[in-house]
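One-letter residues, chain by chain:
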Amino acid sequence: MKKTKLFAAIGGLGVVILSVFLIAADHVDAPDVSGTTTDIADLYAFEGDNPNNTVLIATLQGPLMPGAPTNEAMFDESVLIEFNIDNTGDFKEDLVIQAIRRGDSMYFFGPAAPGQIGLNSQVQVTAPMSSVKISGTGETITATNNNMSFFAGPRRDYFFFDFERFNMVTSGEVAPEGFNAEGTDFFENLNVLAISVEVPNSMLGTAPPHVGAAVGLEGLPPAYNVWVSAKRRQ
Amino acid sequence: MKTIYKSIFIALLAVTTTLTFVQCSDDDDNGNAINEPTCNDGMMNGDEEGVDCGGTCEPCAVVLDFSGTYVQEDIMGRPGINTVFGGTNMVKNSFNTSIVSGRMNFQPIFEATMENYFDVYAMSLDLDPELVNYETNILGLDAPTFTTVLAEFDALQVAPDGETTYFNPATGAALTGRNLADDVIDISLILIFGGGDLENLNFSDPETGPLLITDGVGAGDRDFSLAFPYMSTVNQ
Chain A
86 MKKTKLFAAI
96 GGLGVVILSV
106 FLIAADHVDA
116 PDVSGTTTDI
126 ADLYAFEGDN
136 PNNTVLIATL
146 QGPLMPGAPT
156 NEAMFDESVL
166 IEFNIDNTGD
176 FKEDLVIQAI
186 RRGDSMYFFG
196 PAAPGQIGLN
206 SQVQVTAPMS
216 SVKISGTGET
226 ITATNNNMSF
236 FAGPRRDYFF
246 FDFERFNMVT
256 SGEVAPEGFN
266 AEGTDFFENL
276 NVLAISVEVP
286 NSMLGTAPPH
296 VGAAVGLEGL
306 PPAYNVWVSA
316 KRRQ
Chain B
139 MKTIYKSIFI
149 ALLAVTTTLT
159 FVQCSDDDDN
169 GNAINEPTCN
179 DGMMNGDEEG
189 VDCGGTCEPC
199 AVVLDFSGTY
209 VQEDIMGRPG
219 INTVFGGTNM
229 VKNSFNTSIV
239 SGRMNFQPIF
249 EATMENYFDV
259 YAMSLDLDPE
269 LVNYETNILG
279 LDAPTFTTVL
289 AEFDALQVAP
299 DGETTYFNPA
309 TGAALTGRNL
319 ADDVIDISLI
329 LIFGGGDLEN
339 LNFSDPETGP
349 LLITDGVGAG
359 DRDFSLAFPY
369 MSTVNQ
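For the protein sequence lines, the chains are A and B, in the order given. Mapping to our numbering: the first sequence position 234 is 319, numbers consecutive. Mapping to our numbering: the second sequence position 78 is 216, numbers consecutive.
The set of hints was computed from the structure by calculation and includes no laboratory data. The beta-carbon is built from N, C-alpha and C at its ideal position, and this holds for glycine as well. Some clues are possibly wrong.
Just the calculated beta-carbon pair ranges, DEER-fashion [said to hold, decoys possible]:
1. A/G188 - B/N338: 30 to 38 Å
2. B/E337 - A/T173: 35 to 43 Å
3. B/M181 - A/K177: 52 to 60 Å
4. A/D134 - B/D343: 36 to 44 Å
5. A/N137 - B/D264: 51 to 59 Å
6. A/D175 - B/D185: 52 to 60 Å
7. A/A198 - B/E337: 42 to 50 Å
8. B/D185 - A/T211: 30 to 38 Å
Extracted from the complex, chain B is given alone in its bound form (with noise of 0.2 Å):
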């Protein structure tokens, strides 16, 4: 019996001796748990990543590696410009590897894609495709001029000052920048099919010829009232 009496003694002593060094660790008498982890006790605890850091702390401070050498494999000025007009797949890969000012070679390819789109209409016709052709379009430029500034300056033009947009018919403002509303295909077929002039396009009588100049598809019930980033959460 004496040697039970002695251990439960010495297990009182323990626990005594344990709450009191507790006590003392806790004398701040600001009601905290005792041992609970906190953001600041120098110690990864809790469901902390580092020591105070990660979990419900802050983050944990990441060394970001924005090291190495990036390398082009796409590029995109204006809308539609290497789908449309780049013709095969190999001068389409050869376009979104190259820079914007050093595109000269493209500018024949382009008006040759450009041409072989009404010599198809010109055969589905019976018509000579001799005489069939692109027509100056409505920004007074001819099949040259037009191919030149699609393949040579493709970039958006963006006004800092005044209204934006890829062609507003509405202001007549053209070539200061791409709304999201603005109806860049109707645009693009115009200008390519249209001629020019714009009270009487050409190809825009599907009663008497092809339709070539509208894709007889508008915005739909896309919202474009929105704040920043001024597009809407996904279709679902």
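Bound-form chain A, shown alone (with noise of 0.2 Å):
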């Protein structure tokens, strides 16, 4: 790097101190949705159980101290979640599972093609629907439809990180030293708002060749490309 754009890179540490005051997977990641209901916190993608199925999970709002603020935290009415699956290779989205919470319940909506693709979305209210009462902080209330399997509840974070460490070592105040051999997770004892779907692999369509062959990868297998939204009413 050359010296001026170093010296740049300097001055800039104090924001970047200040701006590091809680970040993790994508928890509280920038100033906007920090602290609001729209604030995604992890997205995971597996084999289910059933090895045809593959699982999506979303958490939300997190991190959570237990007691009140996670008996107190609610998915947000005004608020659409939505997976993304592009099964083209494109990365733009072919399939979104969308949901919404309306009273006591999350109300899923596909797989289905958006309406539109990008930043802006419509409920896909033609796509087929499902519901799931949302889980209080000691049940787990799960629902099946169409083939599916629907969550959304709180839960604990599975997330894992020492995140204090991680401020500290891109700030450089524990350089040089770095990481601790045996570091702290900071995620232990919270939680987050989970919002899960476990859908056949038949319905998301074929799968298009993995990303990785675009930058000399090879030998992955096919592979679609997830990623999930969260978006408000306007």
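Combine both chains into one complex, guided by the hints.
Below you can see the structure in the form of structure tokens.
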């Protein structure tokens, strides 16, 4: 790096230290969403107990302290959570599975082609709809419909990370030591709100060639490209 | 006195008439209690919230409103991308309101942010920042290519067939999903700081230099054996 750029980086260090108050996988990742009901914490996507299914889990509004913050956390009726699935390899959503709260239940639509792709969405009310009652802190209420399974409610945060040390590492505060060999899991005793869907792969279309091939990573199996977005009603 | 007898007679007559009427309305011999609200009596009574629905009856049909346009405020593909590579708050906010297929502008920012991390450590070690840089990682990706993958293809790749994992050192499977148990932090740190030799990673020995390829944290006592929804109830 050129010296001038380096000095700019050093000058920015103070800003960095302030801005890394609470950051993690995507927990509180940027000031505009920090502490809001659209703040995504994590996305998981993996094979279900039934190997013909894929499980999609989005966690939100984390991290939540046990007790009142967890007990009082609620999904927002004005926030639409979308699992986006690209099955053609162009990183544009071909299918969405949408989730939105109404009353004491989470309503799910899809998988279905979205009415439009990109930043704006409408609820695909003509797509197959399912619902599940939102679980309380001590319970696990699931629903199955149309060969899919659904869950919504508070869960233990499964993200593990020494985030406080990470903040010190990236700010240079603990240079040159870096991380501790025995770190401290900041999320060990914290919670999140989770939305979970288990869906048969047959409903997601044929997976495209793995994107890794575009950068010379050969031998990777065909794979959907999956992301989650949180959108607020205007 | 006559007036009193007459009043009593009228009262008895009223009671008799009422009983007769009630008897007529409950002549089905099914033993149900007289006038007890039911969920099919055509009236809103008992604890019902509408005619024969709500309360202890079936829920009343609710007309749900899903209308409107919803606008993106947050987005996530791979873990930690915006947090680690965004650099500034302005960039992070901008990333969250961008679409996955429209992020060419983020690649140079990501590459510069990554290089800054190396410079911080170079300076702390009294080394020339020009000489402490990202090295092509274990996937064989140089800095521009690595940050292109992160900036422009920010989604989880999820394989419908075979093992799904962010990276499983035991099997060698990689970039086919993200399990609850995957140590995505260590994987990411190795890809950023570790260099290209998995058997001899850079920044891996706290005795001789900074430890940057692990945060020293594992999954702890989280339970990965659960059936759907696969995550346990809350910490109390």
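### Query
Should the hint that B/M181 and A/K177 are 52 to 60 Å apart at their CB atoms be regarded as holding?
Cβ of B/M181 to Cβ of A/K177: about 55 Å, so the range 52 to 60 Å holds.
### A/D134 versus B/D343 beta-carbon gap, inside 36 to 44 Å or not
holds (40 Å)
### Task
Go ahead and decide if the range 30 to 38 Å is satisfied by the Cβ distance of B/D185 to A/T211.
holds (35 Å)
### Query
Taking 42 to 50 Å as the hint, is the beta-carbon distance of A/A198 and B/E337 inside that range?
holds (47 Å)
### 52 to 60 Å as the expected CB spacing between B/D185 and A/D175, which holds or is violated
holds (55 Å)
### Task
May I ask you to test the hint 51 to 59 Å on the CB atoms belonging to A/N137 and B/D264?
Given a distance of about 57 Å, which is inside 51 to 59 Å, the answer is holds.
### Task
Take the C-beta atom of B/E337 and the C-beta atom of A/T173, compute their distance, and say whether it sits inside 35 to 43 Å.
holds (38 Å)
### Query
Does the Cβ distance between A/G188 and B/N338 fall inside 30 to 38 Å?
Violated, at about 57 Å.
Of the numbered hints listed earlier, the single one contradicted by the structure is hint 1.
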